[in-house]
Structure formats: C-alpha cells, structure tokens
Amino acid sequence: MLSIEENLIIKNILLDDYEDDGSCKATFLGENLKVFGGIPKEIVDIKVMSRFDDNLICTVENVLKPSIDRVLPKCQYYLSCTGCQFQHIDYKKQLLIKRKFVIEKLSDIKGFSEDELDFTVPSKNKYEYRNHARFSVSKTNKFKGNIGFVNRWSRKLVNISKCEIMNSKINSILPKLEGKLSGYSQFSVRVGINTDSYLIQPKIDEANGIDTGQQYYKEEVNGFSHKISSPSFFQVNTPQAENLVRIVKDLLDLQGNEVVIDAFSGVGTFAVLLSKYVKKIYGIESSQSSINDAIYNSKSIENIEFIHSEVENISPDFFKENIDFVILDPSRKGVHKVALDWIEKLLPDRIVYVSCELKTLKRDLDRLTNNYSIRKVIPVDMFPHTKHVECIVSLYRTNKL
Numbered sequence: 001m002l003s004i005e006e007n008l009i010i011k012n013i014l015l016d017d018y019e020d021d022g023s024c025k026a027t028f029l030g031e032n033l034k035v036f037g038g039i040p041k042e043i044v045d046i047k048v049m050s051r052f053d054d055n056l057i058c059t060v061e062n063v064l065k066p067s068i069d070r071v072l073p074k075c076q077y078y079l080s081c082t083g084c085q086f087q088h089i090d091y092k093k094q095l096l097i098k099r100k101f102v103i104e105k106l107s108d109i110k111g112f113s114e115d116e117l118d119f120t121v122p123s124k125n126k127y128e129y130r131n132h133a134r135f136s137v138s139k140t141n142k143f144k145g146n147i148g149f150v151n152r153w154s155r156k157l158v159n160i161s162k163c164e165i166m167n168s169k170i171n172s173i174l175p176k177l178e179g180k181l182s183g184y185s186q187f188s189v190r191v192g193i194n195t196d197s198y199l200i201q202p203k204i205d206e207a208n209g210i211d212t213g214q215q216y217y218k219e220e221v222n223g224f225s226h227k228i229s230s231p232s233f234f235q236v237n238t239p240q241a242e243n244l245v246r247i248v249k250d251l252l253d254l255q256g257n258e259v260v261i262d263a264f265s266g267v268g269t270f271a272v273l274l275s276k277y278v279k280k281i282y283g284i285e286s287s288q289s290s291i292n293d294a295i296y297n298s299k300s301i302e303n304i305e306f307i308h309s310e311v312e313n314i315s316p317d318f319f320k321e322n323i324d325f326v327i328l329d330p331s332r333k334g335v336h337k338v339a340l341d342w343i344e345k346l347l348p349d350r351i352v353y354v355s356c357e358l359k360t361l362k363r364d365l366d367r368l369t370n371n372y373s374i375r376k377v378i379p380v381d382m383f384p385h386t387k388h389v390e391c392i393v394s395l396y397r398t399n400k401l
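Residue numbers (the numbering used here): 1 to 401.
Possibly wrong hints are sitting among the right ones.
What the hints assert, rightly or not - Think about it this way: if two alpha-carbon atoms lie no more than 20 Å apart in a straight line, the pair counts; the simulated SDA-like pairs of lysine to any residue are:
hint, residue 1, residue 2
1, K47, Y77
2, K93, K110
3, K376, Y184
4, K110, S287
5, K359, L347
6, K100, K299
7, K276, N313
8, K227, K156
9, K156, K176
10, K333, K47
11, K92, K110
12, K299, E220
13, K162, R246
14, K280, K333
Hints listed in this document are in silico derivations from the structure and should not be mistaken for laboratory results.
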C-alpha cells in the first residue's frame with residue numbers, strides 16, 4: 001500500500017469506466033483509484049484527497065486529453081462540495097450515462113431487454129431544480145456560523161454562498177442567514193416552485209426579518225394544491241414529479257373502473273392526481289406526518305382511502321375488492337419481501353414500480369419477474385448533474401389464475 005500524502009498529484013492517468021458513485025475507475029502502482037471529475041478515456045493529472053476502503057479518492061487536477069463531452073462546470077464549489085458528480089459532462093451525455101447505468105444494473109433480470117428501455121426523460125430545469133436543501137453550519141471558532149455542505153470524503157464543511165442546483169428562492173435566503181446560525185448545526189429550506197410558500201426549520205431566532213419555523217409549506221402539482229409538512233417526503237424536483245405522475249398514468253392506461261393501491265403514498269401525490277381516473281385508490285404510508293398531509297390534500301376526494309401502516313404490515317385480507325393495479329414508490333431500501341408476498345397474493349394485473357435506487361430495484365425485480373413480465377422501463381433524470389437516476393418499470397402479470 002502506498003504511503004499517501006494529502007493533495008499528492010499523480011500525473012498521466014488514463015480513466016476507465018464509471019463507478020456507481022459517479023467516479024471513473026483507474027489504477028496506479030497497484031492501487032485502485034476513484035477519480036471524480038473525469039470522463040472515461042480521458043488522460044488526466046489527479047489529486048489524491050483521501051483513502052476509503054481499498055480505494056484512493058481523487059479529483060481531476062488537470063485534463064491532458066479531454067473528452068468531446070467535457071463542458072465547464074457552472075458551480076465554483078464543484079468537486080469540493082461533492083454534492084454533484086457530473087457538472088463537467090454535457091447534459092445530453094449525462095442522460096445517456098444514466099440510461100447505461102440502468103442497463104448495467106438490470107441486464108440479467110429475467111425478461112429485461114433494451115427494447116423495453118426508453119431514453120432518459122430529461123429535466124425541464126438543468127440547474128436551480130431543487131426545492132429542498134439541508135445545510136450544515138460550521139461550529140469551529142474561525143468559521144462559526146458559516147453555511148455549507150459537508151464534503152463526503154474529508155467530512156469537512158465547505159462554505160458556500162450559492163448552490164447552482166438549488167432553486168433561486170433558496171439561494172436568495174442564504175445571505176440573510178449567514179452568520180446568524182452559530183447556535184445551530186443544520187437547517188432545512190423547502191420552497192414551493194409553483195407557489196410563494198416556503199418553510200425554514202428549525203425556528204431561527206436571529207433571522208434578519210425572515211420568517212422561520214413554519215410547520216408546512218404549499219406546492220402545486222399539475223394544478224392541485226399540496227400541503228407538505230416539515231417531516232414529510234416530497235420529490236425535490238417538482239416538474240419531474242409532475243412527469244412521474246403523467247408517466248405512471250400512461251403506463252397504467254386507466255379506464256375508470258379500476259381499484260388501485262398506491263404503496264408508499266407519501267403526501268398523496270399519485271393517489272390525489274390519479275383519483276379521477278379510477279374507481280377507488282388506497283394509499284399506504286408509514287409516516288404519520290405524510291399520512292396527515294395526504295388526508296388533508298384529499299379532503300374533497302371521496303374515492304381515496306389512506307392507511308397509516310408500514311406496507312409490509314398490511315394483510316391482503318384488508319382489501320374487499322379485487323385489486324387491479326399496484327403502484328410501488330419506495331425509499332432507497334426498496335420493498336420489504338413480506339410486502340411483495342401479500343402484493344403477489346392479490347394478483348394485480350399490473351404493477352408500476354417507481355425506484356430511486358437501482359440496486360434495490362434489481363433485487364425486487366428478481367422476485368417480481370417470477371410472475372410478472374417487464375413491458376416498459378423509463379429512466380427519469382430527477383437529479384441533473386448527479387449520479388442518481390429515477391427509474392419507472394411497468395410489469396404485467398403473466399400467470400392469469
């Protein structure tokens with residue numbers, strides 16, 4: 001193992017393919033390198049930042065042989081903040097990379113074929129798309145009260161004055177709070193992209209005349225008002241959330257007489273916006289905050305029933321009607337195997353799985369494709385300039401018992 005000094009420069013490194021974390025693979029004197037800020041087949045000089053497990057974590061210091069897909073990053077903190085991985089790559093190429101990530105993860109799933117895989121749905125906004133940010137606050141004497149993000153590898157706070165992927169409403173708040181947060185370690189800002197509503201948590205005593213401590217904010221999705229409380233989950237890219245609803249609706253091909261389960265229903269976005277196209281829809285959600293918001297958001301809709309429960313704790317006997325379709329929109333940990341058990345017992349004709357983590361999507365599809373065939377896979381770029389890709393999979397039941 002090499003004796004590595006911080007900020008050591010290694011010259012003339014040929015970059016290999018992408019890793020799951022957005023870095024490029026490379027080697028040097030038997031060491032495995034993770035190089036951030038590179039593109040495969042480039043030749044670069046790199047700076048060693050740290051060691052993690054069996055890898056040296058590095059960033060590109062100088063590009064000797066650039067890729068035709070290389071562009072100038074917009075953010076002055078790019079690679080030091082570590083929140084984005086792909087700002088140096090042309091956006092059209094980013095979409096192709098994310099499609100390739102889906103192929104690599106799902107290629108050995110039974111019935112998966114590139115014929116069923118669409119091109120990645122681009123984000124309407126390439127920058128300023130995030131409606132939610134959690135900032136850290138420095139507690140060290142020299143930088144006490146500074147606002148920023150913690151570098152993933154060094155664990156040091158990077159002070160920022162603006163984040164290019166945050167909505168401009170969030171960025172406009174930062175200078176008003178700078179230096180006023182010495183008694184805090186973190187704070188969150190959430191804003192309505194289609195409204196003037198926002199929340200800042202926790203309540204900040206010296207906030208320069210800015211209201212803070214709000215319990216909820218309001219957002220409009222496809223013209224429908226949503227109340228979103230501070231602890232509740234909501235997609236960070238509102239226009240892409242609207243696209244998710246449209247895509248799920250199209251994949252289900254609703255005729256108006258179906259009974260649907262919306263598992264992991266959050267604040268009720270799918271349930272509320274699909275309710276007028278179905279006979280009945282059940283929403284299942286474990287978060288008390290989210291279920292309260294969902295009930296509030298659906299108060300004028302009669303054909304929705306929300307259930308406060310972990311999805312795996314539901315019994316199929318609860319549902320008195322035949323269930324036609326199921327929507328799965330879990331967190332990164334995917335769907336519990338017990339939940340998959342009872343969902344399969346209901347024998348829904350179609351399942352639409354909305355995934356934010358390809359590893360757990362692969363795991364769950366390994367199970368689901370025993371009784372369901374993949375009809376369509378649609379990558380969605382929910383997080384431009386990052387390694388993350390949302391993925392929607394349409395499944396049709398093959399065993400018509």
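Structure-based check of all given hints:
no.	hint	verdict
1	K47 with Y77	holds, 16 Å
2	K93 with K110	violated, 28 Å
3	K376 with Y184	violated, 46 Å
4	K110 with S287	violated, 33 Å
5	K359 with L347	violated, 25 Å
6	K100 with K299	violated, 42 Å
7	K276 with N313	violated, 28 Å
8	K227 with K156	violated, 35 Å
9	K156 with K176	violated, 23 Å
10	K333 with K47	violated, 33 Å
11	K92 with K110	violated, 29 Å
12	K299 with E220	holds, 16 Å
13	K162 with R246	violated, 32 Å
14	K280 with K333	violated, 28 Å
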